[in-house]
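Asks: Chains as they are written, first to last, in this note's numbering: chain A, 1 to 478; chain B, 1001 to 1478.
Any given hint could turn out to be false.
[Claimed, not checked] Here are the computed lysine-lysine pairs in the DSS-like style, where the Cα-Cα straight-line distance is at most 25 Å:
#1 A/K185 with A/K209
#2 A/K375 with B/K1247
#3 B/K1209 with B/K1223
#4 B/K1375 with A/K247
#5 B/K1373 with A/K247
#6 A/K373 with B/K1247
#7 A/K375 with A/K449
#8 A/K185 with A/K173
These are computed hints drawn from the structure, not numbers from a lab.
On a predicted model such as this, the values are computed, not experimentally measured, just so you know.
Protein chains: 2
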Amino acid sequence: MLAKLTRSTISLIWILSLCNAAIAQETSKPNIVFVLADNLGWGELGVYGGGELRGAPTPRIDQMASEGFRLQNFNVETECVPTRTALMTGRQAIRTGTYRSPGAGQPNGLVPWEVTIAELLSARGYATALYGKWHLGDREGRYPTNQGFDEWYGISGTSDVSLYRTSIGYDEKVAPPDYVLEGHKGQKTQQVKEYDIEARRGIDTEITKRTIAFMRRNVLEKKPFYAYVPLTQVHFPTLPSHEFEGKTGNGDFADSVVETDYHVGQILDAIKELGIDKDTMVIFTSDNGPEFRRPWQGTAGYWRGTYYTVLEGSLRTPFIMRWPDHVPAGRVSNEIVHASDMFTTLAHLAGSDIPHDRAIDGVDESGLLLGKKDKSNRDGFLAFVGEDLYAVKWRNWKVHFIWLEDVTHGPIKLPERYAFNLLRDPKEETDVMSSNTWIERPIFTMIDKFNTTLKQYPPVPPGSPDTYTPTYKGSLEK
Amino acid sequence: MLAKLTRSTISLIWILSLCNAAIAQETSKPNIVFVLADNLGWGELGVYGGGELRGAPTPRIDQMASEGFRLQNFNVETECVPTRTALMTGRQAIRTGTYRSPGAGQPNGLVPWEVTIAELLSARGYATALYGKWHLGDREGRYPTNQGFDEWYGISGTSDVSLYRTSIGYDEKVAPPDYVLEGHKGQKTQQVKEYDIEARRGIDTEITKRTIAFMRRNVLEKKPFYAYVPLTQVHFPTLPSHEFEGKTGNGDFADSVVETDYHVGQILDAIKELGIDKDTMVIFTSDNGPEFRRPWQGTAGYWRGTYYTVLEGSLRTPFIMRWPDHVPAGRVSNEIVHASDMFTTLAHLAGSDIPHDRAIDGVDESGLLLGKKDKSNRDGFLAFVGEDLYAVKWRNWKVHFIWLEDVTHGPIKLPERYAFNLLRDPKEETDVMSSNTWIERPIFTMIDKFNTTLKQYPPVPPGSPDTYTPTYKGSLEK
């Protein structure tokens, strides 16, 4: 109990310090709508070379790009949970104990000690909501409403489970189904209905409707809002709603992409109708590289690789930000930005301070996003698969330590590192380390720096209890 | 001698019949500038997803696309000479005996009996010139000036030979070097200088200058013109001019792409300066898939494969057409068009008739290109490597008979055909024939039709003499 109380006390101190910081800052509080697609690879959207070539036009998202800023080098972690961790906490998942998407029934979720962007924005006076897929905790104490969200509706885990009842010999006694859940801050999260195939088909429509209702409510109440909208498409099973079934004539996957574009369009339309176009930043991105499960294969388009690898097709996902009068229209950049930067950048844009008692990987990229700067504030990042460092990306170079081309062939611990120039060899086919060994200098410097922070701020062990608080020097727990 | 005279007589009859046909047609004779890059893959240009991602921005060609029409499904033959054959004659190279790029010293070139687009346009009153790489004949009788061009300057073969003198033990007695050549109709083609590394670096600058001078001359003379501009970049050795060396900081290949963009920009600027913007159609395309020789590797971007394969990365090349007031700006299409269609389409746009005494594969795509139609006039085509049918493409499907993933691994004659849906599986990774066997119907119908034409019009045997004339029923030689 002592630890738990301590944790609450820390939170209180923390929140109070944030409020003070906030008062000192400018008072602008733009609305934030953060749409996150699930397993949508680089190659799906028209503006990233897909669209019509995939039999799935995406005119609304393409238009959003032409009205906003598009990143060609936005990087994520190598799977679902780690990227969501980075987006929420600004920390790479290797630090938070959530570096793998948990198997069914395995311990999972962020410990309450982690500070999420929802907590920061909530402390800053934002209404906060999550509609969609959380995947950072599947029980009371670790739900979105335990991590800064005023309300949530969606799934705590993954869409795989919607296939349970279609599987031969499925026995719910040994593997219970998942549920669509709904929760409000201060109340227990409730089961709404089983997350079966029918629920899977319909959930993004529900997510979109609830997002729009939430925006409308807060516009009426004149409250700035943060809507985190992690859609469930195009994760397998990639089945569209019945309204979109057969829409393209090119199969379920194409129908689902088109439906996703439609949902984004609905959100954008609502923002215009509500008259908050210039007060609302909308971000569209994806959690990781393309889906590879048959028959629901996605594509990395220009790049090679799927999630679970560290090829560019895994690391780079679409990223579009629209915010009229703040983000210049039609801009495109190849500067490196990382998912963890979203935490720091959104905090900055909303006038919040970020925690200083832990390692934060995210850097503030507001200058780049708002068109005030041409350069990113980072040169690269470390790419992990699980707890293993697979590769380091630095400028237009990548050095691989563990090589994984596709998930059906095991990783190879390389006796000699591979180096690829990503401009000249985007599919990472020709190792040119021998003629470019100077690259090792900046790469090892980055690794050393990262390791120093791991020593200074030891990671949260996976499976840590809710009562977890760190004991290192510099933590609030002194 | 008899045969040769006969050939001349035929040509005369032919040309006269063309003139009559021409008179009956509308009198519009737009200028035609046809720029053909060498081994430039799908993934290089900014507008095709490359550009900045390749460290080689291509703003001029990208702008040309935004001012014109861009094809996403323009298809070529699987290597240099066959595509150039198709562009010049409207016939797939399997019919003309030029289905392989010849090795050094091997017999090569189109027989004089073939009718080229240059001949058609010349008969229609066009000034015709080729500046650049011909590759359809390396001796008197088979040079561009023997095939309808009033003049030419460039190389008869390939850029490989520019490396001869850098090769260990090179002996010019056993393998003479190639020369930059210059020719005028009715005169013998002359050697200008050896095509060595220095000439290779500079030749595209010469090509561009001569193209602009040719356009200027004909504008002054008020003569419609056809400039065929087969640039030599980015074929290996991909070495830029000294002016562009180090321009990008990303190596020779990137410098050469940027230089190519600059040259295209110079041609476009000249067209504007000459006041013939609306009277001049400019086409930019490439002869085949990406360069794969190290260290000069190109990229197919969205697709997989290089030239010599029949993967989409080999078949699809960039295609942009700009013609203000005639071709609507900013249009993009995924309709299938084939290199051979250029012959028929350009003939139509210039008011020429095409030969009727032989099999012509090209169809008229002027409706599609001018924005009067949404659909192509073809559903697919046969893809050969050498004289072997490797695959057939039909709508969004491709069926492979011989499988070749990359040129370092031999082709596999498939015991069972592979079928890929190109919308859903752009990288051709998952054979779905077993669940889509209906596809065989249209595929085999296409093959049967093609075979019928091969029987009716037997192909020109490779290595045929200049005196070649066909003897089949329906040929002019009755």
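Asks: Among the hints numbered above, which are violated by the structure, and what are their numbers in rising order?
Replies: 8
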